[in-house]
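Asks: Here is what each chain is made of, one letter per residue.
There are 4 protein chains.
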Amino acid sequence: MVVIMRCGATREEIERIKERIEMEGCRVNLIQGENQCILGIVGDTTKLDPDKIQANECVERVTKVQQPFKLANRLFHPSNSEIKVNDQVIGGDKIAIMAGPCSVESEEQILEIAKTVKESGAGFLRGGAFKPRTSPYSFQGLKQEGLELLKLARKETGLPIVTEIMSADMIDTFVEDVDVIQVGARNMQNFDLLKQLGKTRKPILLKRGLSATIEELIMSAEYIMAGGNENVILCERGIRTFETYTRNTLDLSAIPAIKRLSHLPIIVDPSHSAGMWWMVEPLAKAALAVGADGLIIEVHNDPANAKCDGQQSIKPERFKELMKELSQIAKIEKKAI
Amino acid sequence: MVVIMRCGATREEIERIKERIEMEGCRVNLIQGENQCILGIVGDTTKLDPDKIQANECVERVTKVQQPFKLANRLFHPSNSEIKVNDQVIGGDKIAIMAGPCSVESEEQILEIAKTVKESGAGFLRGGAFKPRTSPYSFQGLKQEGLELLKLARKETGLPIVTEIMSADMIDTFVEDVDVIQVGARNMQNFDLLKQLGKTRKPILLKRGLSATIEELIMSAEYIMAGGNENVILCERGIRTFETYTRNTLDLSAIPAIKRLSHLPIIVDPSHSAGMWWMVEPLAKAALAVGADGLIIEVHNDPANAKCDGQQSIKPERFKELMKELSQIAKIEKKAI
Amino acid sequence: MVVIMRCGATREEIERIKERIEMEGCRVNLIQGENQCILGIVGDTTKLDPDKIQANECVERVTKVQQPFKLANRLFHPSNSEIKVNDQVIGGDKIAIMAGPCSVESEEQILEIAKTVKESGAGFLRGGAFKPRTSPYSFQGLKQEGLELLKLARKETGLPIVTEIMSADMIDTFVEDVDVIQVGARNMQNFDLLKQLGKTRKPILLKRGLSATIEELIMSAEYIMAGGNENVILCERGIRTFETYTRNTLDLSAIPAIKRLSHLPIIVDPSHSAGMWWMVEPLAKAALAVGADGLIIEVHNDPANAKCDGQQSIKPERFKELMKELSQIAKIEKKAI
Amino acid sequence: MVVIMRCGATREEIERIKERIEMEGCRVNLIQGENQCILGIVGDTTKLDPDKIQANECVERVTKVQQPFKLANRLFHPSNSEIKVNDQVIGGDKIAIMAGPCSVESEEQILEIAKTVKESGAGFLRGGAFKPRTSPYSFQGLKQEGLELLKLARKETGLPIVTEIMSADMIDTFVEDVDVIQVGARNMQNFDLLKQLGKTRKPILLKRGLSATIEELIMSAEYIMAGGNENVILCERGIRTFETYTRNTLDLSAIPAIKRLSHLPIIVDPSHSAGMWWMVEPLAKAALAVGADGLIIEVHNDPANAKCDGQQSIKPERFKELMKELSQIAKIEKKAI
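Chains A, B, C and D, in that order, give the protein sequences. This note's numbering numbers the first residue of the first sequence as 9 and each following residue consecutively. This note's numbering numbers the first residue of the second sequence as 9 and each following residue consecutively. This note's numbering numbers the first residue of the third sequence as 9 and each following residue consecutively. This note's numbering numbers the first residue of the fourth sequence as 9 and each following residue consecutively.
Quick caveat, the hints were computed from the structure, so don't treat them as lab data. Just so we're clear, the structure is a prediction, and the values are computed from it rather than from any experiment. Any given hint could be a false lead.
Repeated chains share a single entry, so a pair holds when one copy, or any two copies, can fit it.
[To be verified] Calculated cross-link-like contacts (lysine-lysine; reagent style DSSO-like; alpha-carbon spacing at most 27 Å):
(1) K163 <-> K126
(2) K78 <-> K151
(3) K342 <-> K102
(4) K332 <-> K343
(5) K323 <-> K55
(6) K159 <-> K267
For reference, chain A alone in the conformation it holds in the complex (with noise of 0.2 Å):
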């Protein structure tokens, strides 16, 4: 950690800053510039509150040298983390895809889904039953009876199932019934319901929150992980940005950057960043080609007469072609779907 004092700050108030670095077990080197002084820090600083210090007044700006994540952290785990659900590993040398409707709607359309997404080479089968929605007049999913839906898509295809848990005291119930819980880009930072997930050993899909920092999307991963879980899988699915044609930016940079942050596996989601079925082909390619570990992605059988987020499925024949394509991008990056 470095903190930058203040111009004009005073002998007294440098001499008591350090101390109280001091005091926490650092050890403090002063460095006198000509107009400021700065002090690097070195040891232990993850006890060291950089607010706290900022706060006081002789106190210019504070850097962090290492990064606040730990056991997240590619530092002290440099080899990639595979993450087992079933008998399918993620993060591994084989891309992960997850497909299916946004919601489920009823047992005839996610079996009819779920066969057909498998037969094209999903390995996994999404699909909401419990659905966030940004007015409380949307059809909010059929809860319970989505789960038994998707239970019954399971048993008739054998693919583990990825669905979104919306508060705590479902837990008990996703744990018994699902394969992966997702934790939507509105809850990455309810905090309570990251410590909860802690305390299962469930794989979670973390996606990333429309204005999260990959720092923030990995220190949500380290409230996970802090409980005792670490099967955590990272999802970048857009940003939020000034630009409206799309309904957000996908950030495909993330997933270089991850990558060299911690040892997570990353997937992407092209069906909600860009929000139009037309571009989910291009994005997933492109996703792969970045050297993302799987997708997730939107297909509907019936796109016009969804539930919700018909806008942005593609036709299971489009997915049918989309997966070949995939499969030759897979390879360049030596790795198979």
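Using the hints, position chains B, C and D against chain A.
Replies: Quick look at chains B, C and D alone, frame taken from chain A:
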């Protein structure tokens, strides 16, 4: 609602969309342009799901005409809402000033600050008991003990207490103990929590999410109101932008915007937006000048030793001076503190 | 165009707006909703100024139906534009690879890099002679001498040269000396420069501004085209967002978006977007997978001593390896390098 | 400056970086942490190029300690700069009010508006002669004729005139005819134009770019000042964010930030930021309450027929009323209008 068909949409496609909309009870006016056909839709369009219409490949774009919120809409409730908190009112001619530390740290601390902010004219005591922190390793608040200390401070000073709720399973306790329940920026779209709060009749202070639009903030209020609780106070606390000098960018334009769109009261948090104590005073004054109904300000008797957010807290003496200036601005706005 | 009148707009106000629009030769369809009246406008709406209509207090909002650009619009020019540069073509089946240093530093440097990137398969040599720098105290480029060195490198290698213009008074020199004139992100809306470039017939490489929307980028191309110069190549180079880990956020969704909206070729700059050399390779691959027509990449033989942007330059050996992988991706996209 | 070495950087690599920095005349303090080595650099670090240091693969990150600007830095010029314009001063105890139409349209229009804003107390007349427009098909201003009309209005009213320059080849004319030369947001980093303006001694009104940071705005002022022209007035006019309700997000936090960083005066444009006439008044008041040195406001006698930006112009009567309220706020700030 206006539906813009794609160039080259066929007669049949247009008819199919038209029929589907009419089936929902709306009237469709077909306007044939040179290149594109436009459908102008009137009637109760709240039943129509724009995403569902946009899922048709023949549709280019769907534009809303009406705001998606009803209960919070000034259109159907032209006069300002006034929210009663104990014997005070928020949203009327009196500016609500909520002041206190970021987090409750000890009996001595909270009592001292409560007394001093009361003397300076604050109408409410703020203080965190359950703290949302980016890092799992940071101080998470005194929790239940913090609530007890807040109650003690209320008893001593008579100030109603404002504190943040982190999870729905604490609602009963908060309804019992607290005067205004705060929903933090990170939980603004924790829809499950909003629904549960809708079942209470407690005043809710709803903070704008870091990347939430004005419309989304009001839609989150609508969630609470749709459950039957109309006691919602909105709070602008800065949005996330590319500017890094300030922690967030305080969006003061949101105040007149919300005043026009909704009848709900709106207050401003100048402490969290800037993240720097020396910006609190000018931003607080600007907030009143732009028309806010109140302020929530972090005040700490010893910022450099605060357990969190000390860098953005002002000292009691500065708060006292600030209150004098705020009174003058309130007067120009024909309000009182 | 659709005009949404304010709630409570009077009969007379609506008529007045209607008449004014009809005076411009457009046809107005009046749709009366429950609370609001909508005017659906057809005909040549390019003559109407939406801002002018919105300036009426009785108007709530104006929504465009048609894109504001014509010459760059794919609607009126369905096939891809192909821009000829010497004996090469940009925008066809061949991926354009522009490579070279951020800035021209010496004869030795530019010749060595030019030869090496040519050997690896690059089709164009890039290099800055006039450099836009945030600080007046930074190296501003070799200027005229830099241009001479680029010409020398072209003579030696046969590679067409791409370099940035900073001011309209250099146009004659650039038309004479350069093969592709680059307009930098900071000048994307230097309308005076765009107009002057519209009078030439040189290929223009127009970079997207840091906060320019896709529509604004195409509108800047329209400025050049409106002057008679249809040889415009667009370039996505990252936009400014809240994320600070990367210098800019590369918006790869912009590629399929622009392909849909316009017939102009679009290339990607993976060097400036990320600002870090180790991100160039994955982003370059993703750019081709998402459908870009080419790449502009910074290559430097000694990045640590480069006069600018060394941190985002890759070395010739890495570039050579990268070209092999790019060829494989191009093949999947049914293109060649 | 602080250089953070990568984990695992070798002794030799660290020495190599150290030597290179010392060769530029700076002193290097080597601080060895557990995982990483930090170099604390003192001396005249303005000669060091952070990008060049960061281009070394063994360097993780470079952090600046000092602001990159000198002439505009309050550190070396503690008192506020006061810019003289004819017999007036901007940056002192008097609030500068610049008012007038978006663009000069006719003799009658500009004379009428000039007289009326003068009567209401404005100190400067603003009006566009050369207009930067997103579309090449929009009204581009009366150009030279517009300048003549502004001069006429100055003659009639005595108000100094403020108008925007679009290109460096107009500088001689502007120096001759105009009192304050405005550089628009889109040209804030048109470095060639800035350099040319630095050679004059005219007051320059420099508007913040749509996505420019506070530091970049000051760096653009530094460009002008480095050329010898210290008469720079900064202008906050809204930045581009994800919020779409307002055209831009007015960043009022920038005012106290700039006051702390620089000695230059800073004014606010409440018309362009919001883009809606009914927001001008509350934002103008907030701007003065936050500490701005002045305002630039669009006033039009017939907004609905204005050739541009009518939707954000207020009428003379409203301006008159506004000026009264502004005077009251100025008084609280111990200033006068």
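Asks: Since the copies are identical, ignore which copy is meant and state whether K332 and K343 lie within 27 Å (CA to CA) inside a copy, between copies, both or neither.
Replies: both (14 Å within a copy, 17 Å between copies)
Asks: Pop the pair K342 and K102 into one bin, within, between, both or neither, using alpha-carbon distances up to 27 Å.
Replies: both (9 Å within a copy, 25 Å between copies)
Asks: What label fits K323 with K55 when the C-alpha limit is 27 Å: within, between, both, or neither?
Replies: between (52 Å within a copy, 25 Å between copies)
Asks: Can you give me the call for K159 and K267, within, between, both or neither, at a CA distance of at most 27 Å?
Replies: Neither: 33 Å inside a chain and 41 Å across chains, both beyond 27 Å.
Asks: Pop the pair K163 and K126 into one bin, within, between, both or neither, using alpha-carbon distances up to 27 Å.
Replies: So K163 and K126 pass the 27 Å test inside one copy only (13 Å; across, 57 Å).
Asks: When Cα atoms must be at most 27 Å apart, do K78 and K151 count as within-copy, between-copy, both, or neither?
Replies: between (36 Å within a copy, 25 Å between copies)
The structure fails to meet hint 6 from the earlier list, while all remaining hints are met.
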